[in-house]
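*Asks:* Residue numbers (the working numbering), protein chains in the order written: chain A, 1 to 495; chain B, 1001 to 1117; chain C, 2001 to 2491.
FYI, nobody ran anything at the bench for these hints, they're computed from the structure.
Please read these numbers as outputs of a predicted model, since none were measured by experiment.
Among the hints, a few may not be true.
Taking lysine to aspartate or glutamate and the DMTMM-like style, the derived pairs with C-alpha atoms no more than 20 Å apart in a straight line are [as the list claims (entries may be wrong)]:
| id | chain 1 | residue 1 | chain 2 | residue 2 |
| --- | --- | --- | --- | --- |
| 1 | A | Lys163 | C | Glu2433 |
| 2 | A | Lys111 | C | Glu2196 |
| 3 | B | Lys1031 | B | Glu1109 |
| 4 | C | Lys2430 | A | Glu160 |
| 5 | A | Lys164 | C | Glu2433 |
| 6 | A | Lys302 | A | Glu410 |
| 7 | C | Lys2370 | A | Asp369 |
Anything over 12 Å on all C-beta distances counts as not near chain C; from chain B, calculated [to be verified]:
| id | residue |
| --- | --- |
| 8 | Trp1010 |
| 9 | Gly1051 |
| 10 | Ser1056 |
| 11 | Leu1061 |
| 12 | Asp1063 |
| 13 | Gly1064 |
| 14 | Tyr1068 |
Using N, Cα and C, we set each Cβ at its ideal position, and we do this for glycine too.
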Amino acid sequence: MMGIDPVNALWLAIVVPLIGAIGVALTGRWPNVREAVTLVTGVVLLSIVVPLWPVVMAGDVPRLVLIETLPGLPIALSVEPLGMLFALIGSLLWIVTSVYAIGYMRGHHEKNQTRFYTCFAIAIACTMGVAFSDNMFTLFLFYEALTVSTYPLVTHAGTEAAKKGGRVYLGILISTSIVFQLLAIIWTYSLTGNLDFQEGGVFGGETPAWLIGVLYALFAFGIGKAALMPFHRWLPAAMVAPTPVSALLHAVAVVKAGVFTVLKVTVYLFGLDTITAAGANEWLLYVAGATILLASLVAMTKDNLKARLAYSTVSQLGYIVLGALLATQLGIIGGAMHIATHAFGKITLFFAAGAIMVAAHKTEVSQLDGLGKRMPWTFAAFTIGALSIIGLPPFAGLWSKWYLALATLETQHWVLLGILMVSSLLNIFYLLSIPMRAFFRTAAATAVDDGHDHGGEAPVACLLAMGFTSLACIVLFFYPGPLYDLAAMIVGVTP
Amino acid sequence: MDVLGHYNYWIVIFLMMAGLYTVISRGNLVKKIAGLNIFQTSVFIMFISFGYISGSAPPILEDGVTLYSNPLPHVLILTAIVVGVATTALGLALVVRIREAYGTIEEEEIHSQDRDF
Amino acid sequence: MEHFPALMIVLPLLAAPVAAALPNGRLPWLLTTAVSWGVLAMACFLLATVLGTGPISYEMGGWAPPWGIEFRIDTLNAFVLLIVAGIGAVVTPFAGPSARAEIPQRLQSLFYCLFLLTYTGLLGITATGDIFNMFVFLEISSLSSYALIALGRDRRALTAAYQYLIMGTIGATFFLIGVGLLYSVTGTLNIADLAERLPALEEARVVHTAFAFLVAGIALKLALFPLHLWLPNAYTYAPSAVSAFIAATATKVAVYVMIRVLFTVFGVEFSLGEMPLQPILVVLSVIGVVVTSLMAINQLDAKRLLAYSSVAQLGYMAIGIAFGTTLGLTAAITHVFNHALMKGALFLALGAVAYRIGSTRIHDMAGLAKVMPWTILAFAIGGLSLVGVPLTAGFISKWYLISAALEQGWWWLAVIMLITSLFAVMYVWKVIEVAWFRDLPESRADVREAPLSLLVPVWVLVAANVWFGIDTRFSAGVAARAAEALLGVAP
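Pulled out of the complex, with its shape left as it was, chain A reads as follows (with noise of 0.2 Å):
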């Protein structure tokens, strides 16, 4: 795999997950062949990625014009740091995702396993089309094929419960894309003549401050898959899907799609300074504040595991969301490091939310009582996922927190800064409590024994995936260099 060139490396990376789909689709008749495609899909695509990992870091761009749709706006593809980072991420979980789902799905007996299998490989090109677009209109058109391709996995129980949540989940994201993130797409065109993702954007000096500022604002609602509030009702709705579905499209590559899309659009189609110089960004902050703050609070009073970890996660894209809107160097480092991290830590806690329903059929925070002895690998891992979230050493989301944080003391946002730590403690309360829960309190008596009590742990494949990705949370922390050295070229910062 060493011999493919970088630039045909970034559309086998698309392709492949596709050809992978397919595969999946003509094997559908024999499972172990099915899970067999999509487990070496997945290395070959993972094998696709990694060598253009030394060629990013080496300061190469890598272009690749795929067609020219419309006079000066061609499907292109390129590969710089804040992508490799996010396509890294991508294909990596989805091999971890994978293995977990084989145990997940034949735990649970799930249906139509071939579309599930199916559906997820074309999501995937779809992130990876995300990561490696070269300019807004690419990524408008995986943004939305995303959209559409996770739509069935989103409906898969088929139930009139997944029915209205599918609906509720494509009405925000299709709404939202359609109507302010394409408008500010067009809009942006017919001012610059120009859509393609470069070093300090594509606004001269002549476009008047109030525009710059209504068109950010129109990206950063329009970008619906950040789930900044009020257009987060989505992501819990999304909850109705299985549990792989909900930890990495949900945890990882939707969402981070979402709020890649805006670190993208800051840094390479606006530019920091035309943002700071247009002050396009103040009050956007306290609306991301406000959604960390928010949505930490919904959080606590969730009961389902599910929806808990739903709000979290819109709480968390608030983080990077403001990394991004504070248009500062720290704040896109710490950004774009949150990505990385925020993603281990909170698949981590999906994998063990679906352990739990499939080994104990439990999706309610309050019916946990005790099952810590019963597994404790899983709590472990929850617990391991729930402190790398809340940010607490020796866990890799001490790191993005903390530049998170330095970059509202630079640029003196004293009252985000105090949100960031106020919901940091709440973090706590919320995602710590569970393991306590399940470890310090015993079941209650009147427990109704419902067949389900008599197991023991989740399927040795969930274990695995759950391991490694708490191991990864902990392996971040002591060594966050590489992860750093990525995000500080964004910026700029060569190592």
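Assemble chains B and C onto chain A, guided by the hints.
*Replies:* Structure of chains B and C alone, referenced to chain A:
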């Protein structure tokens, strides 16, 4: 401007309005077709009026005549009349079929039947 | 070769009586298919010639214009001819099995005769350079399409055809009045000649009156809101193949006539500057787009839903025309092309549904995706194109329209257009959700996928939707050249 001198155009306008009014106000499908016919006829008269020049002779080559009416509008209107006849025929044919299907040619009764359906 | 402009109209015209004379069966269908493919080849050749060497002028019967009838092919109508011919060439193969199922055996020959006449009329309107000749072809296409619609299985097809006849005849007669008034002041019927003589007469009240009659007449034909009332019933109850053909071509040709009259005959300064047409068109179209999109959401029949959506889409085209800018006109012409593709694909897909289950009511389509996956997938892709999802043709139209609105600084219009796209999401989704997620009733368990002879035409159009959503050099490129030529901007 000589108001009465343009009497032919007044006739055209009267016929046009009468025809349109019939189409809109009548519920009987045949009467609508008749209204449509009157409306079209008014346009034919208008065209033919354009072609006439005061004091001119019919457009047949003859010695000693220098001023002819314009024959082109007549030719055009010949075509338009054919179109009009075809429209009327098709419209009436449709009315026949509607009566076969609904047993009535009153618009309101047809609507009420469709609503029940 | 130089007779192609006339030949492509004469060929279907002569084939029509032949088709009527042939015995009921496959022969008339084969004849029609052969003719439509021949016409398509000629349309391709004409467009290539026009793009290569400039407009073609053909003198009918050897009489030089402005006395004789001139057929004048420039970029705009060569493009529209290609749209009409292309849709015709895709729909006729589909019509074979579809019409065999929907139309009584004894009327088969006559059906194809009427079909060819409609085809002749539409091509003639587009090709001719003589405004009275335009009226004649307009009536040829209209009269034959009234009869075609009346062939629908439901008895409401008859009333729909009757209603269309009344409205259409009023529209055509208005057009005729306009033509007569123009002739009375200019003494010519040749479009190029009119365009030369009219600027000197712009002050004349007769010209203003003529303008009003012409625009009102065309607006009726074009189904511009609120003159659209004939359209939903006509599209709903017509036979499937006819719905697809008429929806994809007839109103598009009316849009062409509107563009021709506004920009070639009267000129943009007069049409949109001196006459108060721009605000009227914009206001009516915007209200129309919003109202009819909302009405589409409430429909119970998928064909009717698409019909209302057609009115909304025609509103978009009217908005593009009303801008009067190169970008706006490019948007309108591109949308003419793209909308023909998407509505063609959607109506054909519904035709395939009707072929199998005999109904297009949304309720009856429950769970069909399980037994007719390819048909429903085609409908879904066509629907995505209608919504304007990226990588489909509809997105390109929307992009140009919104760019044109923003270019004028009318951001509120851009917002309205984007919001109405959301309405489109809702009405398309309504059908897809039923077909995809509802359970298939037991009574339909033995329904099979539509036959290949129906699926191929559907998928040809679906593929075109995707192709022209990615590669727009042809569609938007030619549209831009046509718009530049109309507005006299140097390309």
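*Asks:* Confirm or reject each hint.
*Replies:* Each hint, compared with the structure:
Our distance criterion of 20 Å between C-alpha atoms is met by lysine 163(A) and glutamate 2433(C), whose separation comes to about 9 Å. As the CA atoms of lysine 111(A) and glutamate 2196(C) are separated by approximately 71 Å, the hinted pair breaks the 20 Å bound. For the suggested pair lysine 1031(B) and glutamate 1109(B), the alpha carbons sit about 15 Å apart, so the restraint of at most 20 Å is met. The straight-line distance between the Cα atoms of lysine 2430(C) and glutamate 160(A) is roughly 15 Å, inside the 20 Å bound, and the hint therefore holds.
For the proposed pair lysine 164(A) and glutamate 2433(C), the alpha carbon gap of about 11 Å is at most 20 Å, so the pair holds. Between lysine 302(A) and glutamate 410(A), the direct Cα distance comes to roughly 35 Å. Violation of the 20 Å bound is thereby established for this hinted pair. Distance hint between lysine 2370(C) and aspartate 369(A) is unfulfilled; the C-alpha atoms sit about 44 Å from each other, more than 20 Å. Here tryptophan 1010(B) stays apart from chain C, with its beta-carbon at least about 16 Å from theirs, past the 12 Å limit.
Non-interface status of glycine 1051(B) relative to chain C is broken: a Cβ of that chain comes within 12 Å, the nearest being about 9 Å off. The non-interface label for serine 1056(B) is consistent with chain C: the shortest C-beta to C-beta separation is roughly 15 Å, beyond 12 Å. No beta-carbon of chain C comes within 12 Å of the beta-carbon of leucine 1061(B); the shortest separation is about 17 Å. Listed as outside the interface, aspartate 1063(B) is consistent with that label: its C-beta sits roughly 25 Å from the nearest C-beta of chain C, beyond the 12 Å cut-off.
Every CB of chain C is more than 12 Å from the CB of glycine 1064(B) (nearest about 25 Å), matching its label as outside the interface. Every CB of chain C is more than 12 Å from the CB of tyrosine 1068(B) (nearest about 14 Å), matching its label as outside the interface.
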